[in-house]
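Here are the chains, one letter per residue:
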Amino acid sequence: MPRVETYATAAEAVRALGPGARFLGGGSLVMIDVNHGALGVERIVRTTDPALRGIRVESDRITLGAHATMAEVAGARDLAFLAPAALAVGGPAVRNAATVGGNLFAPHPYGDFAVALLALGATVHVADGQERPLDEFLDERSGLVTSVSFRRPDGGAFRFRKVRRVRPAGASVMCMAALLNRSAGRLSNVCVAYGGMAARPVRARAAETALEGVPLDRGGVRPALERAVEGLDPPTDALASSWYRRETAPVQLRRLLLGEDRG
Amino acid sequence: MSGTPVTFTLNGAAAGGFADPGGNLLDLLRRGVGDRTPKYGCGQGSCGACTVLVDGAPRLACITLAESVAGRDVRTAAGLGDGAGLGALQQAFVDHFAAQCGYCTPGMLMAATALLERDPNPSRDAVVDAIGGNICRCTGYEPIVEAILAAARGAREAR
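The listed protein sequences derive, respectively, from chains H and W.
Residue 130 in this note's numbering sits at position 130 of the first sequence, and the numbers go up by one each step.
Residue 1041 in this note's numbering sits at position 41 of the second sequence, and the numbers go up by one each step.
These are calculated hints, taken from the structure and not from any lab test.
As the structure is a prediction and not an experimental result, all values here were calculated from the model.
Hints may be right or wrong, so weigh each one.
[As the list claims (entries may be wrong)] To be clear about the criterion: a stretch of chain H counts as covered by chain W if any three or more of its residues have a C-beta under 8 angstroms from a C-beta of chain W, and this derived list gives those stretches:
id: 1; segment: 2–14
id: 2; segment: 31–44
id: 3; segment: 84–93
No residue lacks a Cβ here, since even glycine has one placed at the ideal position from N, Cα and C.
Using the sequences and the hints given, assemble the complete structure.
What follows is the structure, encoded as C-alpha cells:
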C-alpha cells in the first residue's frame, strides 16, 4: 500500500514528487487506482496549501485554483456561464471531490471540464512558477498544477454541450465547447474544443478555420459542420464506436453553435 | 494496531480509527470504526453505495482518502434513526417501497439527506439530480424519487 505524505505548501509537495510518487488532489482519479492496487507507486503526495483553493475573478481575468472543486465552480455566482461544464462532471458527490486541476489529467472519456477550459483558451500555472497554454499542457500532462486562468468570455460567447447515454450522470460519448467571439456581427477568433473524440481534449482546427468571418446562422456554420471531424480519428469504446462519433459530431456541433438544444 | 490514527466526528460523536496507508474512508468506517451502513459497491466512485456526508456535503467514501477527514464531521445512514426507530426519510423509503435489495439504500438516504438539508422544497428534477450519482438496479428509481419528495412534504407539514 502506498505511503501518504501531506505537505503544507505546494512548493514542498513539488520537491517530494518524483519517481515512485503520485500527486493526489481530490482523489476521484487517484483513489480508484489505489483501491484496485494499480497505482504503481510507493508514495502518494498531497498538499493542504490554501493557495491552491478558491476562485478569483479580477476585472476580466478568472483564476480557478487547482483544488477548486466542480461543485464550487458550479456554485460560483460569477461563473454561471461555466456551470454547465462543471455540472457535466459526475454526480453531486463526485463534484464535491473532483477538482479543476485533476480534470486536466482525466483520461478519455472523462475530462469534460478540461474541454471547456480548452475552448476558453486557458493557461495552466504550475508550481515551479511556469505557465503553459492548456493545449500544450495536455500533450504531456505533467507538473503540479496550482491554478488555471482565462479571460472572461463576452456575454453569450461561450457554449458547452455534453452527449451521454446515461442521465443525469454518465460519461461522455462526446462533449463540445466553443468560444464564439464576434467582430462586426461575424465570427472571429473562434475556438472549438472536443472531448471524447481523441485520447485527450482537442481543438477542432478545421471547423475553427471554417467559422472565421461567417455569420452565426445555419448557412454560415454549414462549411464548419462539413469539416467537423477533419483531422480527427475518434476512438471506439464501450460508449460509442469511432464511426458513430464521426457521423454524429456534425449534428452535435450544429446544436452547440446555434444553441438549438443546450442539453 | 498499525496505520495512521484518524479522529473525526461520526454522527455527532467522537470517533477514530487507524487508516491503512492510502486507505479510503469506506474501509475506515466499516473495518476501523464498525459502521457498516456505507456499502462497498464499485470502489471507483461510480455507484454511490458508499455515499456519506463530510461537513454536510455528499462524498463517496470509497474514493475519499481516510486521512483527509481528520477533524471533520462525517455522517452516515447509521445516524439517521429517530432513537431506536426509523427517521422520517427512512420511513418514507419504507412507505414508498423505495428499497428492494437495499444495497443502494444507505447511499440514497445520504444523498437525499444532503439535498433536503440544502433545499427543503426540492423539485422532482432536483431530486433526480441529487441521486444522479447513485445507482439502483432494483426499483427503477421512481419509488425512491417519490419517497424523497414525500419526506420533503412531510417535513414541511410538520413545521
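Comparing the hints with the structure gives:
1. For the segment 2–14 of chain H, the proposed coverage by chain W is satisfied: 4 residues have a C-beta within less than 8 angstroms of a C-beta in that chain, meeting the threshold of three.
2. Restraint check on the segment 31–44 of chain H versus chain W: 7 residues with Cβ-Cβ distances below 8 angstroms, three needed, restraint holds.
3. As drawn, the segment 84–93 of chain H meets chain W at 4 residues by the rule of a beta-carbon pair under 8 angstroms; at three or more, the given contact holds.
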